[in-house]
Every structure is written in structure tokens, then in C-alpha cells.
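Colleague: Residues per chain are reported as follows:
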Amino acid sequence: MHDKVVRRRRAVLALLVALSLFLLTAYFGESAGGGLHATQRGALEVLAPIQEGANKALKPVRDLFGWFGDTLDAQDERDRLRAERDKLRGEVAQLQVHNQELEQLRGLQEINTAGGLQQYAPVQGRVYQRSPSTWYQTVTINKGSSDGVKVDDPVVNGQGLVGKVKSVSDGNAVVMLLTDQDFGVSALAPRRGEPGSITPIPGAGGDLLFDLVDNAEKIRTGDLVVTAGTTSERLPSVYPRSILIGTVKRIENGDGDLDRRIHVSPAADLLHLDIVQVLTKPDATLQADATPTAP
Amino acid sequence: MTITGPAIGRLALLGVVASILQLTAASQVSIFGVPMDLSPLIVASVGFLCGSVPGAVFGFAFGLFADTALMQTLGVTSLVLTAVGYSAGRVRELRDPAHGLAPVAVGAAATAGAALSLALLQFLLGV
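Chains as they are written, first to last, in our numbering: chain X, -13 to 281; chain L, 32 to 158.
Derived by calculation from the structure, the hints in this document are not laboratory data. Since the structure is predicted, the reported quantities are computational estimates derived from the model, not experimental observations. Heads up, the beta-carbon is just placed ideally off N, CA and C, and yes, glycines get one too. Any given hint might turn out to be false.
[What the hints assert, rightly or not] Coverage of chain L stretches by chain X, computed from C-beta distances (three or more under 8 Å per stretch; other residues unrestricted):
#1 48 to 54
#2 103 to 113
[Said to hold, decoys possible] Each computed SDA-like pair below joins lysine to any residue, with the alpha-carbon atoms no more than 20 Å apart:
#3 LYS45/X - ILE51/L
#4 LYS152/X - SER117/X
#5 LYS235/X - LYS267/X
#6 LYS42/X - ARG121/L
#7 LYS(-10)/X - ARG121/L
#8 LYS42/X - LEU54/L
#9 LYS45/X - LEU54/L
#10 LYS235/X - LEU52/L
#11 LYS42/X - LEU125/L
#12 LYS45/X - ILE62/L
#13 LYS235/X - ILE187/X
#14 LYS(-10)/X - SER58/L
#15 LYS45/X - SER61/L
#16 LYS45/X - LEU125/L
#17 LYS45/X - GLN59/L
#18 LYS42/X - ILE51/L
#19 LYS136/X - PHE154/L
#20 LYS45/X - VAL60/L
#21 LYS136/X - ARG177/X
#22 LYS45/X - ARG121/L
#23 LYS73/X - SER58/L
#24 LYS152/X - THR207/X
#25 LYS204/X - LYS152/X
#26 LYS267/X - ILE187/X
#27 LYS42/X - VAL60/L
#28 LYS235/X - ASP193/X
#29 LYS235/X - ARG177/X
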């Protein structure tokens, strides 16, 4: 009895396997218009409407499963995108810093070549400390006497005059800004040919006074003011000629010409100094280009 | 195990409904990027509950139906699911089908075996 069951079982299995292989072989052997293909197409014609109806009816079920899958995928994607965002944010910050440095270096390059400052042996330095006082306006740079920096050397950036070296040590130097109360430089409005001097206005941060101008009435708002490159008893200039100091911002008319006050806005952004250069040979016999060195 | 006429009808109905469910719903749901395939589980469950011969016959018919409906090469799925149904039935005949983990083990083995066999056949036949 048992043998009969086993034989029957094996026979059924062998039959089904043989049938499958026959179908496989026959299907491969015949052309697309053969009997098996035709039967398959006929069955598909019958099944298609059923499948279509079931497809519509089961859409909510698919959507439900899809929602779970999409939620899991979305969480993974969110985590991946967050990590990517953080990475990109860091890269953007780094690029912005590089871009800013590049802009400053480009300005310095321009002022050195077009403005003729190369002959004054410029030494590049980076500002790493600022004076918190509004009265004594100084910054400290990372270049000092070992780099050839000396007291009273002029300091510029790509925008124009920044100040002069106030004190120096081996590896760093303190720079007095244009707006420091002790600062002063002989200046010139090249468009009108009027000499004078630039001094800060105490208490008015970022405002300079173009003073001691003989023909003050000739000066107009928007005129450029540059270093005169001349010396006098009061202001023994250590600045090469034609370095841009700033622009005439406002003119206050007093009772007479002597009361006229010419306000100048510095060309260099003194609140955001980063890369500057010290002109270590300001008394070089060669003269800088006579044109203003606005970037 | 003897399969009666009503049981054959129920199995046929199960086969048709399960095939349509598989083709219209389950196959369009992805889990970890892989489409769901209930065919091996259904065939293995029939084999496990009814025996090797009913399992093999059900697997053959189910596979034939799937190949026909999907316009695939006839005989490929039939051959694989025949083996799955027969093997699941033999487990029932040789081992203790009442063990709690037996259906889980049979389902896992059936799914893995069917996937590997189909991949092997597709590779060999180039279909």
C-alpha cells in the first residue's frame, strides 16, 4: 500500500516536471504565432478585464503599503539630506571665507600693480586683534620687525589707506587706524589740486575731517582725497603719494571759509579689516602712480 | 491525504484569487526595494497543509496561471512552484507539522528556494 502511494506520488511529480519541461521547450521552439503563444494571448484577453477591475479595487491597499514604504524611505532620505545639507553648509562657509580672502588679495594685487605700491616693499599681514576702545582705534597684525615692519610704516588694504604702524615687536605690530584720535596725514584732493590734512573727528566714529584747505570752497561732495606725499613740520608725512584715503561725504558751510568743515568717509572698511599690507619702504625714491588707487 | 471535490474547488478558487491579488496588488508593493511575491508562500502553505501531491499540482497550476497572465515563458514558474509545493508537502509527511515554527521555516525556505531557482533558470535559459 505504502509503495503504491510512493510510486503514485513520484509519478505525479515526474509528470508535472515533464509537463513543465515540455511546455518550456515547446514555448521556446515555436514562433510568436504558435499555438502556445496564441493560447497565452487568448487567456490574457479573458484575464485582462478581471485584472483591470482588481487593479482598481485594490488600489487603496497598494497605496496603504506604499505609504508605509514611502514613509520609511522618506525618513532615510531626510536623514541623508540633513547630513548632506550640513556638509554643504560647511563647504559654503569655507568657500565664502576663501572668496572674501580672494577679493581682498585681488584688491591688494591691483593696488600694488596699478597703484604702483609694489616699489614700497609691501608685506602682507592678517588682522588678528582689534582694540575694543572707540577712542584708541588700533588693530594688531601678525607681521612684525622680523618681517621688516617698522614704526610709522603706512598700512593699506585693497580699498585704500588703513593707518600706520604704531608699535612693533618681533612677530606682530599694532596699527593705528585712520580714525584714531592721534592720526593725521597730509592729503590732497587731486581733482581740485587742493592740499590739506586729514584728521579724525573725535567721537564721530568713521568720520574724518579734511582740514587746513586753502581754497575750501572749491571742494565738492564726492571728490576723492589721497595722500599728498609731502612733509611739513606739523605732519611729517611717511605716506607715499596718491594712496586713496576716502571720499568727501559732506560739507558744512560755516560763517566764513575758515569755518567750512569737509567731512571725508574713509575708503577702507575699517570695521571689517582682514588682510592688509605694510609698506616697509615708504620713502623709496620712486613715486607711485599719480592716479588715485581706488580698487 | 485524500482531496475531495469541494476541496479541489476551494483550492482552485484560492489559486485564482491569490494569483489576481499577487498580480494586481502584491507585486506592486516594494519592501526594501524588492517587489513582494506571495506565490511561493501560497503554494508552500497548500503543500504543507494538504500534502506533496496536492502541493505539486497546485504549484504547477499556479505557476502556469502566472506565466500565462504575465505573458512569460510557459513552464518556468510552473517548474519552480511544482518543486516548492512538493517539498513543502514532503516536510509535512516526514516531519512534525504541528511544531509552532514549522510554518515559518517552511515559508522562509520556500521563498528563498523559489527566488534562487527562478534566478538560476532565468540565467540558464536567458529569459
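Colleague: So, for every hint listed, does it hold in this structure?
Modeller: Okay, the hints, checked on the actual structure:
no., hint, in the structure
1, 48 to 54, "holds (count 3)"
2, 103 to 113, "holds (count 7)"
3, LYS45/X - ILE51/L, "holds (13 Å)"
4, LYS152/X - SER117/X, "holds (13 Å)"
5, LYS235/X - LYS267/X, "violated (31 Å)"
6, LYS42/X - ARG121/L, "violated (39 Å)"
7, LYS(-10)/X - ARG121/L, "holds (16 Å)"
8, LYS42/X - LEU54/L, "holds (12 Å)"
9, LYS45/X - LEU54/L, "holds (12 Å)"
10, LYS235/X - LEU52/L, "violated (82 Å)"
11, LYS42/X - LEU125/L, "violated (43 Å)"
12, LYS45/X - ILE62/L, "holds (17 Å)"
13, LYS235/X - ILE187/X, "holds (14 Å)"
14, LYS(-10)/X - SER58/L, "violated (41 Å)"
15, LYS45/X - SER61/L, "holds (14 Å)"
16, LYS45/X - LEU125/L, "violated (41 Å)"
17, LYS45/X - GLN59/L, "holds (10 Å)"
18, LYS42/X - ILE51/L, "holds (12 Å)"
19, LYS136/X - PHE154/L, "violated (82 Å)"
20, LYS45/X - VAL60/L, "holds (11 Å)"
21, LYS136/X - ARG177/X, "violated (32 Å)"
22, LYS45/X - ARG121/L, "violated (37 Å)"
23, LYS73/X - SER58/L, "violated (38 Å)"
24, LYS152/X - THR207/X, "violated (31 Å)"
25, LYS204/X - LYS152/X, "violated (34 Å)"
26, LYS267/X - ILE187/X, "violated (29 Å)"
27, LYS42/X - VAL60/L, "holds (15 Å)"
28, LYS235/X - ASP193/X, "holds (9 Å)"
29, LYS235/X - ARG177/X, "holds (15 Å)"
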